[in-house]
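Using our numbering, you'd call the opening residue of the sequence shown number 81 and step up by one each time.
In case anyone wonders, no lab produced these hints; they're calculated from the structure.
Hints may be right or wrong, so weigh each one.
Unchecked claim - Subject to a maximum C-alpha distance of 27 Å in a straight line, what follows is the list of computed DSS-like cross-link-like pairs (lysine-lysine):
(1) 766 / 744
(2) 447 / 546
(3) 575 / 600
(4) 186 / 270
(5) 532 / 600
(6) 591 / 575
(7) 186 / 266
What the hints assert, rightly or not - Across the chosen pairs, the derived CB separations fall in these ranges:
(8) 201 / 464: 53 to 61 Å
(9) 198 / 459: 38 to 46 Å
(10) 375 / 314: 26 to 34 Å
(11) 303 / 606: 21 to 29 Å
(12) 592 / 551: 25 to 33 Å
(13) 299 / 121: 52 to 60 Å
(14) 589 / 292: 55 to 63 Å
(15) 295 / 411: 56 to 64 Å
(16) 201 / 300: 45 to 53 Å
(17) 516 / 746: 44 to 52 Å
(18) 550 / 259: 21 to 29 Å
(19) 121 / 775: 42 to 50 Å
(20) 774 / 551: 23 to 31 Å
Here a beta-carbon is modelled for each residue, glycine too, at the ideal position from N, C-alpha and C.
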Amino acid sequence: MSASVRSGRVPPAVRAALPDAFRKLDPRAMWRNPVMLIVEIGALWTTVLAVRDPSAFAVATAVWLWLTVLFANMAEAVAEGRGKAQADSLRRTRQDTAARRLTGWKPGTEEGSEEEVPATDLRQGDIVVVEAGQTVPGDGDVVEGIASVDESAITGESAPVIRESGGDRSAVTGGTRVLSDRIVVKITQKPGESFVDRMIALVEGAARRKTPNEIALNILLAALTLAFLIATATLQPFAIYAWAQHPGASAGAALGPHGVTGIVLVSLLVCLIPTTIGALLSAIGIAGMDRLVRRNVLAMSGRAVEAAGDVNTLLLDKTGTITLGDRQASEFIPVGGVTAAELADAAQLSSLADETPEGRSVVVHAKTAYGLRERHPGELAHAEWIPFAAQTRMSGVDVDGRRLRKGAASAVSAWIREQGGTVPAELGGVVDGISASGGTPLVVGEAEDGGKARVLGVVHLKDVVKQGMRERFARMRAMGIRTVMVTGDNPLTAKAIADEAGVDDFLAEAKPEDKMALIKSEQAGGRMVAMTGDGTNDAPALAQADVGVAMNTGTSAAKEAGNMVDLDSDPTKLIEIVEIGKQLLITRGALTTFSISNDIAKYFAIIPALFAGLYPGLDALNVMRLHSPQSAVLSAVVFNALVIVALIPLALRGVRYRPGSASKLLNRNLLVYGLGGVMAPFAGIKAVDLLVQLVPGIS
81 MSASVRSGRV
91 PPAVRAALPD
101 AFRKLDPRAM
111 WRNPVMLIVE
121 IGALWTTVLA
131 VRDPSAFAVA
141 TAVWLWLTVL
151 FANMAEAVAE
161 GRGKAQADSL
171 RRTRQDTAAR
181 RLTGWKPGTE
191 EGSEEEVPAT
201 DLRQGDIVVV
211 EAGQTVPGDG
221 DVVEGIASVD
231 ESAITGESAP
241 VIRESGGDRS
251 AVTGGTRVLS
261 DRIVVKITQK
271 PGESFVDRMI
281 ALVEGAARRK
291 TPNEIALNIL
301 LAALTLAFLI
311 ATATLQPFAI
321 YAWAQHPGAS
331 AGAALGPHGV
341 TGIVLVSLLV
351 CLIPTTIGAL
361 LSAIGIAGMD
371 RLVRRNVLAM
381 SGRAVEAAGD
391 VNTLLLDKTG
401 TITLGDRQAS
411 EFIPVGGVTA
421 AELADAAQLS
431 SLADETPEGR
441 SVVVHAKTAY
451 GLRERHPGEL
461 AHAEWIPFAA
471 QTRMSGVDVD
481 GRRLRKGAAS
491 AVSAWIREQG
501 GTVPAELGGV
511 VDGISASGGT
521 PLVVGEAEDG
531 GKARVLGVVH
541 LKDVVKQGMR
551 ERFARMRAMG
561 IRTVMVTGDN
571 PLTAKAIADE
581 AGVDDFLAEA
591 KPEDKMALIK
601 SEQAGGRMVA
611 MTGDGTNDAP
621 ALAQADVGVA
631 MNTGTSAAKE
641 AGNMVDLDSD
651 PTKLIEIVEI
661 GKQLLITRGA
671 LTTFSISNDI
681 AKYFAIIPAL
691 FAGLYPGLDA
701 LNVMRLHSPQ
711 SAVLSAVVFN
721 ALVIVALIPL
731 ALRGVRYRPG
741 SASKLLNRNL
751 LVYGLGGVMA
761 PFAGIKAVDL
771 LVQLVPGIS
């Protein structure tokens with residue numbers, strides 16, 4: 081038991097939600113939930129009857145019916161309250177910011193004039209300039225410059241990020257702060273529709289719309305409620321007629337012909353309609369979105385979260401998602417009689433001026449694999465350094481009469497020939513073998529003053545698959561999801577990486593139109609497709625996919641096209657999103673099963689107690705042997721209210737999801753929540769009945 085419960089304190093989340101729970105008693109708010117609206121009308125009618133003809137039974141029943149409605153509202157209010165903390169922090173980013181708006185500005189020039197205006201006056205298409213220490217006044221794309229930006233107010237991540245023009249990392253969000261340099265931003269938001277505004281509305285639940293599945297389930301619950309309402313309304317005239325036909329029936333064993341009062345009928349109706357799922361349905365949906373928010377994923381609608389649970393095909397970019405993104409040196413392969421240690425030393429020296437991630441990985445691998453001391457360009461005073469350039473595709477150093485070069489096989493081979501050397505025949509086989517395995521070969525060459533140039537060997541660069549990816553894809557497979565790797569690599573390289581990662585299929589040499597064609601093809605086969613993207617060229621595919629997750633670092637076009645935004649810009653999070661979606665669907669199904677099964681048991685509590693005196697055969701169904709008809713009705717009402725409270729944590733946390741087939745999950749739901757829903761009321765109602773007997777005035 082928690083400390084708050086032991087000490088009698090109300091948990092902060094419940095205390096904060098209480099005012100909202102009472103405000104939601106307004107019928108204008110309740111009409112969206114037909115089941116609970118019927119309960120509220122019943123509670124109001126019971127209260128009127130209790131005031132007209134007061135008794136301990138009538139008053140207690142009225143109180144517990146109101147508590148049933150209040151507990152349902154509490155579930156929704158607590159679910160919404162979990163997002164309010166983040167909404168409050170987001171509101172703090174919407175400070176009154178001044179914007180430096182440019183008019184008459186042209187890219188690459190200093191033309192135009194600058195005026196300072198409130199950020200709220202900015203319109204779509206305006207151009208603003210933001211310098212170090214200033215706050216970005218609105219959502220937009222960087223059209224000139226590069227800067228380090230602090231986005232911790234939005235993402236919670238303290239590490240600054242780079243935003244620059246002309247790429248897929250050009251989007252900036254209003255409320256973030258520029259830490260260095262100067263950028264020119266084109267505003268893409270409409271007034272009042274900024275990213276922060278939409279986030280606040282969504283995390284608070286104000287903009288949450290019911291999903292198609294929720295609407296369908298609400299219709300089913302409303303139909304069941306209507307059926308029970310008609311059935312319950314016939315009970316009193318039926319009871320009067322039946323007792324008239326059996327004047328010798330023992331009224332003491334039941335409520336008698338006129339004992340089936342309005343209070344009893346309302347209680348019976350409330351206990352038989354699916355109040356449990358009716359009370360928790362909205363909370364389940366809000367909690368599903370909240371679980372995404374806690375993982376820094378913003379779902380633009382509940383429909384997107386639900387669709388994630390139905391996904392059959394997952395499209396994943398190779399670079400940065402399945403692989404680390406930067407190729408790493410994994411092996412030194414000497415040729416022409418050179419030792420591996422000699423090759424490692426030359427490769428490290430020739431890579432010191434290479435600032436690319438690949439060049440740095442060569443330096444690190446030489447140090448870790450061969451024990452070479454890490455050197456720095458400043459240590460070699462008379463060396464001439466050749467930095468890596470896209471034009472030469474080589475880096476190197478000229479020092480102590482040696483000229484060392486490392487780079488693409490064709491570039492270094494051509495350099496060797498220019499220096500009067502020859503390229504050994506075995507080099508081609510080594511280079512082709514690395515390429516066939518999905519790697520990238522870098523050749524290391526040497527030329528000495530007065531001597532011939534020679535090839536020392538090859539550095540094997542490997543596109544390293546992220547740790548644990550094979551296991552994650554196996555988990556997806558167990559969930560019935562097909563994974564497809566999308567890459568611009570050639571088919572040979574793509575196949576090697578796909579085999580290592582364990583994906584089900586791959587699309588090589590993929591262009592934007594190829595992604596779109598693949599998505600349409602999958603959807604035409606009746607499958608739901610999810611994908612990630614960050615660039616403007618990804619926008620059409622993100623819009624076409626059933627679940628499109630845009631990276632927060634990406635362009636505004638990508639974020640507008642997707643129906644989710646990952647604030648951490650981690651493409652692998654798509655796998656977690658699918659699991660959260662499935663957990664939402666399973667939780668809803670489990671609690672619906674429990675609620676309907678629950679109602680079955682209440683028949684055995686109330687109906688035999690009411691009519692056993694008239695029909696003695698019904699006494700065989702009175703397995704609980706409740707104290708009296710009044711205590712049976714009140715005990716069922718009390719249990720019906722308390723079970724909502726007991727299930728609120730499960731609705732908010734979600735049923736634990738284990739990958740498996742649909743039939744296996746269905747069997748587990750029926751066993752745990754179906755059978756549990758039948759058995760729980762027998763024990764619960766009997767326990768409450770024993771306590772109700774102690775209340776004076778309730779026979």
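Outcome of the hint check:
Taking the CA atoms of residue 766 and residue 744, the gap is near 33 Å; set against the 27 Å cutoff, the hint is violated. Simply put, residue 447 and residue 546 have alpha-carbon atoms about 22 Å apart, close enough for the 27 Å limit, and the pair holds. Simply put, residue 575 and residue 600 have alpha-carbon atoms about 23 Å apart, close enough for the 27 Å limit, and the pair holds. Annotation: proposed proximity of residue 186 to residue 270 holds, straight-line Cα distance about 22 Å (limit 27 Å).
A distance of roughly 58 Å separates the Cα atoms of residue 532 and residue 600; the hinted pair therefore is violated under the 27 Å criterion. Of the pairs offered as hints, the one joining residue 591 and residue 575 holds, with about 17 Å between alpha carbons and a cut-off of 27 Å not exceeded. Distance check on the hinted pair: residue 186 and residue 266 sit about 12 Å apart at the alpha-carbon level, within 27 Å; holds. With their beta carbons about 56 Å apart, residue 201 and residue 464 fall inside the hinted range of 53 to 61 Å.
For residue 198 and residue 459, the Cβ-Cβ distance of about 55 Å falls outside the hinted range of 38 to 46 Å, so the restraint is violated. Judged by the Cβ atoms, the range 26 to 34 Å given for residue 375 and residue 314 is violated: they are separated by roughly 51 Å. As the Cβ distance of residue 303 to residue 606 is approximately 28 Å, the hint placing it in 21 to 29 Å holds. Between residue 592 and residue 551 the beta carbon distance is about 31 Å. The supplied range of 25 to 33 Å therefore holds.
For residue 299 paired with residue 121, a C-beta distance near 19 Å fails the hint of 52 to 60 Å. With their beta carbons about 37 Å apart, residue 589 and residue 292 fall outside the hinted range of 55 to 63 Å. For the hinted restraint 56 to 64 Å between residue 295 and residue 411, the CB-CB distance of approximately 58 Å keeps it satisfied. Distance hint for residue 201 and residue 300: a CB-CB separation of about 49 Å, consistent with the stated range 45 to 53 Å.
Restraint check, residue 516 to residue 746: a C-beta distance of roughly 46 Å satisfies the suggested window 44 to 52 Å. A beta carbon spacing of about 38 Å between residue 550 and residue 259 contradicts the range 21 to 29 Å that was offered as a hint. Judged by the Cβ atoms, the range 42 to 50 Å given for residue 121 and residue 775 is violated: they are separated by roughly 26 Å. For residue 774 and residue 551, the hinted distance range of 23 to 31 Å is not satisfied, since their beta carbons lie about 56 Å from each other.
Checked against the numbered hints above, the structure breaks hints 1, 5, 9, 10, 13, 14, 18, 19 and 20 and satisfies the rest.
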